[in-house]
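**Student:** For the protein sequence lines, the chains are B and L, in the order given.
Residue 305, in the numbering used here, is where the first sequence stops; the numbers in between run on with no holes.
Residue 470, in the numbering used here, is where the second sequence stops; the numbers in between run on with no holes.
Note that these hints are calculated values from the structure, not bench results.
Think of the CB as a built atom: it goes at the ideal place given N, C-alpha and C, for glycine as much as any other residue.
Keep in mind that a hint or two might mislead.
One-sided and incomplete, this derived list gives chain L residues near chain B with beta-carbon spacing under 8 Å [what the hints assert, rightly or not]:
#	residue
1	N101
2	F177
3	A298
A few chain B residues that face chain L, going by a derived Cβ cut-off under 10 Å, partial list only [to be verified]:
#	residue
4	P94
5	P132
6	S135
7	L159
8	W177
9	Q181
10	W182
11	M186
12	L190
13	V194
14	V196
15	R199
16	D265
17	R272
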Amino acid sequence: MSARYGMVIDLDRCTGCGSCMVACAAENNVPPPVPRATPRTGLTPMLVRKLSNGKDGADLREAFIPITCMQCEHETPCVSVCPQQAVEVDKSTGIVMQIPQRCLGCRYCMTACPYHARYFNWWDPQWPPGMEKSLNPGVSVRMRGVVEKCNLCHARFHTANEKAAAAGKTQIDPADYVPACVEACPTGAILFGDLADANDPVSTAAHSPDAFRLLARIGTEPKIHYRTTQAWIRTLADKNSDRPTEAQHV
Amino acid sequence: MSETLLFDRRWIARGAERASTLRFLLWLFPWMLLLLLGIYAAGLCFYYGLNQTNMDNRFAFGMWIFLDLAIIAMGAGAFFTGFLVYILKQKDLKPVLNSAVVVGLTCYSGAIAVLMVDVGQPLRAWFTFWYPNTHSMLTEVTFCISCYLLVLILEYIPVVLRNRQLRKIPSFLVFEHQLHKLVPVLAGVGAFLSFFHQGSLGGLYGVLRGRPFVYRQGFGIWPSTFFLFILSAVAVGPSFLILVTAAAEKVTGRQLVQPTVFRKLGFISGVLLAVYVAAKAVDTYVWLNITSPSVGFGPSDYYSYWPMSSTFLFAATVPLGLLPALLLILPYTARRRGWLLTGAALACAGVLLNRFVFTVQTLALPTLPFDEFLRYTPSWQEVATFGGVIAYGVIVYSLSYRYLPLFEAAKGVDKNVSLD
C-alpha cells in the first residue's frame, strides 16, 4: 500500500531554537557555509523563519515557522518543470525526490517553487579538516552547481526498509523512519507520519480545525501542514487560503 | 575609399565600398576588448562557479535569463522575415533577408552561449536530450533552440560561401547552390521551430502554478503566455531589424536598403504589435479578474511595490505598446524616418520591459504571505558576460557586412557590387 508521508508542525510549540536546522544539516551532509554566503545563498533544507504581527511594545507578537519542502501532492510545481527528470515523486511514499546527479543546475525548479524550499549549491562543498569524518555515509554529498532540497531524510527510509527486509517484513515499523528534524525538536513540535493512514496521529492532526497549509489555494496539495491556536499567526500565514476572492470583495 | 588602403580587398565583393582596413580594425577593437572581458567573466563563472554572480536561492534567475528572452525575441526577425519572403512570397523584403539571418544567428547563438554559463552543470546539457521530461517547457525550449540554431547555421552557410574568395572553390560553389535550393524549406522549418521556441519561452513562465503573477490559463497544454510571446516576438522582430539596419547605415554611412523596405517592415511590425497589445489587454483582464483571485492573489499583491508598480503595466501597454504601433502604422509617421525609427525603438523597449516583468519582477514579488519584496543587482561578471555577447553580435555582423553579400539583393543601393 502506498504511503503519503507528511508532517504537522505545531507553531505554538516551536521556539525557534534551530535544532531542526542543525540536525538536518548534520544528517544530510550539508557543508558549513563559506564566509561569503548570505541567508539567500546558504543551504538550509530546513529553515526556521520568524513571524511578526508588525506591532510595537506590548502588542508585539512573534512566532517561528519552519519552512521545508512541502512535498506537494498535486501538480508538484518542481517536477513538471525539470527538463531532465531530475525531480520525481516517489509513488510509494509521496516524497518529492531530487536526483542531484542528473541535475543540470538550471534552477527552473527553484523559480517554480512558491515556498522557496529549494537550494542551489553556489559553492564547492567543503568541510574543515577532520570534520569530513563526521559525514553520514548513507547520504551522497552534492556537488557545486546542482539543486537540493529536503527529501524527508530518505536515507533513513532506506535504512528502515533494510531493517524490515532483514526481519522478513514487507512494511517498515513507523518508529524506524523518523526524519532528523523531527527527532531533534526538543518541544516535539513536528509530528511526522503517514497521511494516508487515518489512524496515524499525523493524519488526525492534519485534519484538526487549527491546522492549515501554506498557499493552499494554489492547489499543489502540500503534505506539510501547520497548526496554531493563535489567530494572528493564522491570519498572517494563511491569508492566501482564507482571503476572499476579488469578486467576493466586490 | 582608396583601394590601396583595403589590405583585405581580395575578400571584399568587387565594387563594394568598404572602410579602410585600419578603420575597420579600429571599429572592431573596442568590441574585441568587450568580448575578451566577457570571456574572462564567463571563465570566472566556469572556474569558481555561479557564486560569481549576484543570483541567489530566491533570485534563481537573473539578468542573463531576462536578456536571453529579450534577444531571442529580437532575433525573431530572422525566422519571420524568412517566413514572409519564402512562405508568404513577400519578395520585396528579400534585401534584408541575409541581414536578418545574421541577426538571428547571433541572437540565438549568443543566448545559448549565455545559457551555458548560466547553468550550474553545463556538461550535463545533453541530459535534456537523453532524459527529456516531455512535460517541461524547458525541454521544448532546449529542443527548439538547438534545432533552430542548426537551421540558422544552414541558412548562414550559403551567405558565407558567397564570399568572393570562397566562390572560387568549385565544390563550395556547388554546395552553396544546392544549399540555396533548400533555403525555402529551411525557412519553413525555421519558422516552425522558432514559433514553438518563442512560445515555449512564454510557456516557461505561464505554467508556473506557484507564481500567480505569471501563471495563466490557456488552451490545451499551452498557457496564454505561449501565444503572447510568439505574437510579441514576431511583432518586434521586424522592428529590431529596422533598428539594426538603420544602425548599420549610420555606421557605414551608406544607404543599404530602400526606404520602402523599412516602411513595409514597420507596417508589419505595427499591425502585429497592435494585435498583441489587444490580446495582452484581454489576457491581463482575465488574469487579474479570474485566474489570480481564484488562488488568493489580487492586483495589490503585484502592484504595491515601487518601482514595479502599475506604472510598468501602463508603460508596456500605452507608451511602449499602442504608441509605437500607431507610429509604425500611420502613413504620416511611417514615411518619416525619425518617427519610424522611434516607433521601432519603442516597440523593442516594450518587449524588453515585458520580458523584464516576466523574469525579474516575478522573482522579486513575494509568494508566501510573510515574504518581502526582493531586490537583486547583477554582479560585474553577469554584466560583462552579457556585454561579451553583445560584442560577439556586433563583431559577427560587422565581419558579415564587410565580407559577405548582406544587402546584395538591394540592387542599386549598395552600388556596383559584384560577387565575381
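**Student:** Taking each numbered hint in turn, which are not upheld by the structure, reported in ascending numerical order?
**Tutor:** Violated hints (numbers, rising): 3, 9, 10, 11, 12, 13, 14, 16; every other hint is consistent with the structure.
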